[in-house]
Every structure is written in structure tokens, then in C-alpha cells.
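**Student:** One letter stands for each residue in the lines below.
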Amino acid sequence: MVLEIKDKIAESLAEKNSIYMPQVATITKINDLTPTEKQFFIKIDNPQLRQSFNFLAGQFVELTVFGVGEAPFSIPSSPNNKEYFELCVRNIGSVSGALHRMETGSKVGVRGPFGKGVFPHEKIKGSNVVIIAGGLGMAPVRSLLLQMLEDRKSYKDLTLIYGCIDPGNILYKDEIEDLMKRNDIDVKLTVDKPDDSWKDAVGVCTNLIPQLKYSPEDTFIVVCGPPVMYKFVIIELDEKKYLPEKIFLSLERRMECGVGKCNHCHIGDKLTCIDGPVFSLWEIKNLKEAI
Amino acid sequence: MLYKVFEKEGLKDLLAGIISSYEIFGPRKVDEVAYDFVVVNKPEQVDLNYKRTTLPPAKKLLFPSYESLVNFNFGEKIEVTPVVESRQRVLFGISPWDLNGMNFLDRIFSTDFIDDNYIAKRKKLIVIGYDAEPSDSNFALSMGAEYATGGFDLFISDLGKKYFVRVATPAGDSILQSFIMASDATSEDFALYNKFMENYRKKFKVKVELSQFHDSFEAVYSNNELWEKLAKSCFSCGSCNLVCPTCFCFNVRDDMLINLREGVKTREWDSCMIPEYGLVAGSHNFRPTNSNRLKQRYRCKLKTFVDKFETYSCVGCGRCVDACLAKINIYEDINSIKKEVNV
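Heads up: the sequence lines are chains A and B, in that order.
For the first sequence, the numbering used here gives the first residue as 372, with consecutive numbering after it.
For the second sequence, the numbering used here gives the first residue as -16, with consecutive numbering after it.
Incorrect hints may appear among the rest.
What the hints assert, rightly or not - Think about it this way: if two alpha-carbon atoms lie no more than 16 Å apart in a straight line, the pair counts; the simulated EDC-like pairs of lysine to aspartate or glutamate are: (1) A:K487 - B:D95; (2) B:K107 - B:E6; (3) B:K291 - A:D555; (4) A:K659 - B:E201; (5) A:K478 - B:E245; (6) B:K291 - A:D563; (7) A:K656 - B:E201; (8) A:K659 - B:D290.
Source of the hints: derived by calculation from the structure; they are not laboratory data.
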């Protein structure tokens, strides 16, 4: 058992530092997205740190509500926006609940951005891109979607498949409606429980995959949704012969630290926070417990 | 590495010298049956014939069960300051397997992101190893952890008439030079040391056959029947995690002080054996049953870090075997798993 630690320890820079230290930031705006989800606009207080806060689509932050706790949230806004970033938060736990009770001007703590596994925004240029999102899974992929729309000519056909429980749960509804009017992106919506005015598809988003017409060699697929969704989406994509190395999935796990130390988010030898949260299907194909 | 020897009587002088200059933690009998690494004030308090301590000494000092990471102060502005406490300390008499356990933690806390809260403490810790007596459940020899190649400043071996000491750092050399007379080891001393190690290795009674184990693990991964059988008696209490020298999982939490003007971000040990470990918002649990969790613990100890660091993250100290209320035994389970594959 030979371990080389001496050099690593020597690398440790300042002694008065901590990777657990959040930067103070301000909530500048809050929008209601659905009855359970809110959109937060967050600006880091220190102007220098704000400028150096460069994130990639697919990355996440650890957000501290001081005195309550910390939780990981993926960043749904465009990486090109340097002034602030957004979060989309469902009121479901202690930290998210506390966030929902906060008002414009409230202070929070931010650590990040974290995650080396991100959506391959460079590699997918010149190809067709299909985004498959289920429920709250819309939040992480929105970052990539906005980035692609800001540079639309670099991509071939774009498709968004978005499934929700019911029409009231659709996130970013106004934006989605605007996208449906555009002719440079194909938006396919589906809900499990339609209301009387619903005109789009009914059922799970898996049902819409057989309609895809793109050739496997020329198409990247990005998937994000609840754990149960992946299993069925993968079966359908496999049926259509889409290539595992061109399918990217953003995985959810419990993350306490975000920096690869606390081990909660490990799946075998991968850590979701460091090696992910985005993985290619090829990487995790034989990774037990991943899907 | 320097190799030196010193006379039997030198050990007392060495201890007295260290006690006079440093805060030193050494093995001491703390009651009728238990030993623990505690601060010692007199050389006689150190008992190198100690029986295994409940908590691994390095983890106790470097990665305590509960520690502050960051302080908050809520005044006009929110002030955030890191807590990176580090005192110069000496850890005396740590066994080779516990040393290897510490080396593993060092690697975890310095890979990718440097964890300054841990590393600052580690940098200030002078480590002096000793070939301690293996307990009946110790299988460190099978794990390749009965000998430490690094991570210490000094490593002392008892050759009978004298001590053989491996000097790995200038800090260790300086301690030796300050307090006792040590001479360079001769080829005779090396011959005695080789003989000593040969005999020392014979003291490890428990043998585990690990060849190809991490491949075997893959083969039995989906054998639910086997895992349910192995985990049947598990109470999900987490004792195995608490006593393990290489377990490092923790939770991060925020606490407010009672004055409501100050707060602190802390970490406390977590256990992969308790149900809440894999729980995420919305009540989805990635490892809902005790067989999922035991399987994941064995995977972490015997496969994950072979893939990642090319080493097992189990050092074979046997603490979990003795701590388990349900008598779950990792080395017996390794054999059962291998048998399942070989049928």
C-alpha cells in the first residue's frame, strides 16, 4: 500500500483557507414558476469574485442559507451571463423551504461552481441535439438550451422533449411557449394528467422518442429527469440505435460537500459531484447502481 | 530514508524529550480493558504493548467526529471566516495498519480539492510508528498493510536488545538527534530487522485470499440472494463505520449559536450503513435496504479504490469485526463471496 501524499500536501496553498467557505451573495429577484417551484436570481456581492464565477452548462452550486444548511442546485441560466445566475428551486426540504421563505435582498452563501462532468457544449456543435427533460430535470438542461439558442447557427436541428405531471407543473411556461412559436427548434410537450385545454401529447416523455428521425452518427442526446425516467429513456434510445457515447445524462445524488470529500454521491469509483453530475451513457453503462 | 538503531534504554529518554517539547498522544491504558491514544505527560504512561484502541488514533486527531469548518458572523454585513486550527502535535506508537489508514485519508483529503481543514492539521502532526501487536481479528497482512512504507516521520521496531528506527523526514531526524544517541544501522542490524519482520508477519493469524477479489465482486453484484443472506442480521447501526480507520463519509451542516448573531458550518461523521445516507429530497432513497448498504460498504472497501487509487481502502485492522453487534465479519464474507463465484 504505497501512497504518495507528501507532494500533494506540499501543494496545499494558504493555511488560512477552506473549501467549505461560501461567498456571500444577494437574491436580486424571485419569480414564481409553478405552485412549488420558484426562480431565484443571485448575484455574488464581491465584484471580483462575481467576475471569476464562470460556470459551464451542467455545473451546480452549493447554496447556503445561513444557519439552516447547504444544498446543491444545478444552474439553469446561460453560462454567458456574467452578472448573475439563476436557480430553480422546488420547495421540498429544509434548505429549499427556507429559500422559498426568503425575499428579494436576502443574503445567501454560494460555493462553486462544481462538477467536471458537464454538457459537451463544444463537441455537439455541428450536430443535431435532442434534449429530453422530465419535471424538474428541465432546470439543468435549460442552461445548455439557452447557450445553444444564443449561438443557434452552430448546431443542426434542435429538439426539446419535455414531460411533466400536469400542465400546471410546466417550468418556464412563457419561455416554452415562445420556443414553440420558433421554427428553429422543435418542442414536444407531454403531460401525464392533461386538463381540458391541453392540446399536446399525453403520457410519459419516453413515448415521444420513437418519433425522432435523426441519424445516430449525427445526433447528441441530453437527458435529465427523475431517477426512474432514465431506465426507460435508455431502452427507447437503444431501440433507435443512438450511440451511448453521444448520450449524456445528468445524475442526481445526495451531495453534502460538492468537492469530492464527503463521499455521499459516489457511485462505485465515480463521484457525482467531481466526475459528474453529467456522464455519458458509455461511461456509466456498466457502473452498478448508476441507473 | 535513514536507518538507525538505538539502545533499549533510549526509548524512555526519547519519550521524555518529546513530552518536554511537544503535545504528544500515545497509547495508554485508560481502564481495566481499554487502551486509547491520549495526551501523555510521563514516559511510563505510554504502553507500547497496547491492545487495539476502539478509535483509530490518526483519524481521532485529524478527522474528529465533529468539527467546525467555517464561522459566520451576522453584523451589518455577513462575515465568513474559515476555521483552520493547527497545533504542532506528535502521535506516538501508531500501528502500521493504522498508519496506512491515515495515508489513505491523506490521499482522500488531498485529491482533486485540497481540504485545508484536514491538511493543515496533518502538516503539523509528527507521526512515530511502532509495530504493535495484531489482535485476533487482525488481517492486515492479507491487505498488505502490516508494513508502512511512508506517512511517518519515524518508525520504531523492537529488535529485542535495541530498537531499529526508520527515519523518513528531517523533522523525525531532528527529534532523534535532539533527545537520544542513535547510530547508523549496520548490516547485522538489517539482518536482525529482517528476522524481526519475518517473525512479526507470523503473528497475523487471520488469512484472507483476495486475489482477483475485485473482479469476483463484479460477478456477484446482482446476486441479491447472496447479499440478503450476508446482510440479514445487520441492524444498520453504523458501528463498523465509526471504528474504521479509512471511513471518511461526513455530513455538512449549519448551526446557529444561541446569541443568534453567530453561526458555524460543521461536519460530522456519517455512516453509509444507516438508511438516511442515500436519501435525497423528495424521499427517493438510492440504497433503501440493508443489503444494498452492506454491498456498497464492501464495494467501497474492496473494489472502488482499487479502480481509483490502485489500493484497497480496507487495512485489515479488524475493528469492524469486533464492533459489529450482529457479528458480521468482513473477512469471512470475502471468502463467502469468492466461494459463490468459484462454484
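**Student:** The structure should be examined with respect to each hint, and the outcome stated for every one.
**Tutor:** Each hint, compared with the structure:
1. Simply put, K487 of chain A and D95 of chain B have alpha-carbon atoms about 11 Å apart, close enough for the 16 Å limit, and the pair holds.
2. About 11 Å separates the Cα atoms of K107 of chain B and E6 of chain B, which keeps this hinted pair within 16 Å; it holds.
3. For the given pair, K291 of chain B sits about 44 Å from D555 of chain A by alpha-carbon distance, which is inconsistent with the 16 Å threshold.
4. Restraint check: the Cα-Cα separation between K659 of chain A and E201 of chain B comes to about 9 Å, which is no more than 16 Å; the hinted pair holds.
5. For the hint pairing K478 of chain A with E245 of chain B, the CA-to-CA distance comes to about 15 Å; that is within 16 Å, so the pair holds.
6. A distance of roughly 42 Å separates the Cα atoms of K291 of chain B and D563 of chain A; the hinted pair therefore is violated under the 16 Å criterion.
7. Taking the CA atoms of K656 of chain A and E201 of chain B, the gap is near 13 Å; set against the 16 Å cutoff, the hint holds.
8. At most 16 Å may separate the alpha-carbon atoms for a hinted pair to count; K659 of chain A and D290 of chain B meet this at roughly 13 Å.
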